[in-house]
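Sequences are here, hints too, so could you generate the full structure?
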Amino acid sequence: MIEVKNLTKYYGDHLAVDNISFTVEDGEILGFLGPNGAGKSTTMNMLTGYISSSSGQALINGIDILEDPIKAKANIGYLPELPPLYQDMTVMGYLNFVYDLKKCKLPRKSHLAEICNLCKISDVSHRIIRRLSKGYRQRVGMAQALIGNPPIIILDEPTVGLDPKQIIEIRNLIKKLGKRHTLILSSHILSEIQAVCDRVIIINKGKMAADDTMENLTKSVTSTNRMIVRLDGVRDEVLGAIRLITGVKSVRADMEREGGLYDYEIVMEDGADIRVMLNEMCKEHGWSIYKMAPDEMTLEDIFMKITMGEDLPDTKKKPVPRINLVTAEDQRAAREAAEEAAEEAAAKAAAQAENEKNEEENE
Amino acid sequence: MGAIFRREMGAFFSSPIAYVYLTIYYLFAGVCFYIFTLSYGIADMASFFSMLFWAGFLLIPVLTMRSFSEEKMNKTDQGLLTAPVSLGGIVLGKYFAALAMYTIGIAIIFVYALILSFFGAVTWGIVVANFIALFLLGAAFISVGVLISSLTENQFIAYIISLLLLFVMCIIQTLAGFIEGASVPEIFQPVVSAAATAMNAVSFYNKFYDFTCGLFDLSSVLFYVSFAAVFNFLTIRVLETRRWR
Chain R
2 MIEVKNLTKY YGDHLAVDNI SFTVEDGEIL GFLGPNGAGK STTMNMLTGY
52 ISSSSGQALI NGIDILEDPI KAKANIGYLP ELPPLYQDMT VMGYLNFVYD
102 LKKCKLPRKS HLAEICNLCK ISDVSHRIIR RLSKGYRQRV GMAQALIGNP
152 PIIILDEPTV GLDPKQIIEI RNLIKKLGKR HTLILSSHIL SEIQAVCDRV
202 IIINKGKMAA DDTMENLTKS VTSTNRMIVR LDGVRDEVLG AIRLITGVKS
252 VRADMEREGG LYDYEIVMED GADIRVMLNE MCKEHGWSIY KMAPDEMTLE
302 DIFMKITMGE DLPDTKKKPV PRINLVTAED QRAAREAAEE AAEEAAAKAA
352 AQAENEKNEE ENE
Chain D
182 MGAIFRREMG AFFSSPIAYV YLTIYYLFAG VCFYIFTLSY GIADMASFFS
232 MLFWAGFLLI PVLTMRSFSE EKMNKTDQGL LTAPVSLGGI VLGKYFAALA
282 MYTIGIAIIF VYALILSFFG AVTWGIVVAN FIALFLLGAA FISVGVLISS
332 LTENQFIAYI ISLLLLFVMC IIQTLAGFIE GASVPEIFQP VVSAAATAMN
382 AVSFYNKFYD FTCGLFDLSS VLFYVSFAAV FNFLTIRVLE TRRWR
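Residue numbers (the numbering used here), protein chains in the order written: chain R, 2 to 364; chain D, 182 to 426.
What the hints contain is simulated information worked out from the structure, not anything from laboratory work.
In this text, all values refer to a predicted model and were calculated from it rather than measured experimentally.
We treat Cβ as the ideally placed atom computed from N, Cα and C, and that holds for glycine.
Hints are not guaranteed to be accurate.
Claimed, not checked - Covered stretches of chain D (in silico footprint by chain R; criterion: 3 or more residues with CB under 8 Å from a CB of chain R, positions within the stretch not fixed):
{"no.": "1", "segment": "189 to 195"}
{"no.": "2", "segment": "259 to 271"}
{"no.": "3", "segment": "344 to 355"}
Shown next, in the form of structure tokens:
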């Protein structure tokens, strides 16, 4: 188990990590998500004892990393951003060195063979590390972290710079490891975190922006009240017909996608399901549906919103409700922003509807 | 410590450093042995030994320049510092590996003494005393080199700075002579003479010279050993404080 309490790190005057707190339970796979320079590596380096924190505490299985570093470090296998490989050694020579360095008690030959198998580096075990490809080096770095079977494994951007096939292999390996170890994994790639993690912490500019389970995040992502429908039929007629459906807040025609087919972006009231009524409407008018899809707010959207403070399109402005914002202050700010955004969106939608109605009447 | 020592030794011999170092050291020793002993046809090795003193400051930085600089450059120090080992273990592992390499170099004097013993009477006590003197000198100098290496990522800078520092340490008694001989106003005289005395007291050459004559002085041994201990401790502190920055 890892407990992090109010961890803060200053590099000179620069605040790199600002008051981060979280807990990782045994057997959990935690994803650390953030843009480059957000403080992911700094946090990981503090957890593993490579650098000290300016204030706060990191407990590894109940042991403070600064008070009893040797005992705490014995619980961790760490793969830094750049694997700490000695270029002039063979893979086996290097793994033997790490085995000695960690004062590993497991049977040497079988343990190292097992790890080589797991990381798929058995066939390069007698080659010089300098001559290995990036993918193999990354896997040797992974193997190095696994030596001694530490209960906690920390991987800093394990798939960076690998090709898609290698990424899938490493990902599978991580999933396999997650069954036996507590795992922290950092990345700036969302799909990667999505693929393997139970829980995700989003970190930006040294601050924790979100901390929630993958499931909740995904749920909040799909429970959007926007839908895209592609229909034939005359544009304005369709717009009018859709507006009559109960539960529709507003509708907007997008550009012409195929000859005579338009995409319509429909905003519904919360909890409304208009799919059946849409079908009936089409039957009535003799139109056909070419596509119907909920417009998902993707993790990318959330990520951009949280990490860059970028404004999303109005309809998306409602913040993701399921994300537990971390500090009380953050929470208050978020709530206020949400209320504001909702009001604004509602007002705009109403105004738009009004306008369109007026236009119609004028016609 | 053991793992790091073994890795360092392996790294010396899997890179050109061990071979370059030993070749130059043996070449230098061989030439000095020929010039100062063989060509005179005498079995006295004193001049030869005093020449090996000067090999120290030139060649020891070759052994120590990469010890921490290279790790820092390649970010392999991250592996060491996050492993369950103490900083002391890391520093001493590297220190003793460099000292072991140095010892392989100076062991050549036994070979030369053996060669001489076929032609004349070799005073083995003096040979052993000189070996100890060279060993202690190396123990002190290497600790300086390792400290300098822990301060920079650049091996070349580590070499040059170590070289300069060790050079000053080698000629400190000469500098003391200069100061004493300099004409200064009367009131500064006590300060100058005190400085000269202090410089003579820490002179490596004076202590080394006593050994080469076969004088075994325990205080000199203590001086060398505690000097090395202090500098190794400083290296540990450097690694420690680097984490806090």
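Here is what the structure says about each hint:
no., hint, result
1, 189 to 195, "holds (count 3)"
2, 259 to 271, "holds (count 9)"
3, 344 to 355, "violated (count 0)"
In this structure, only the earlier hint numbered 3 is contradicted, and the remaining ones agree with it.
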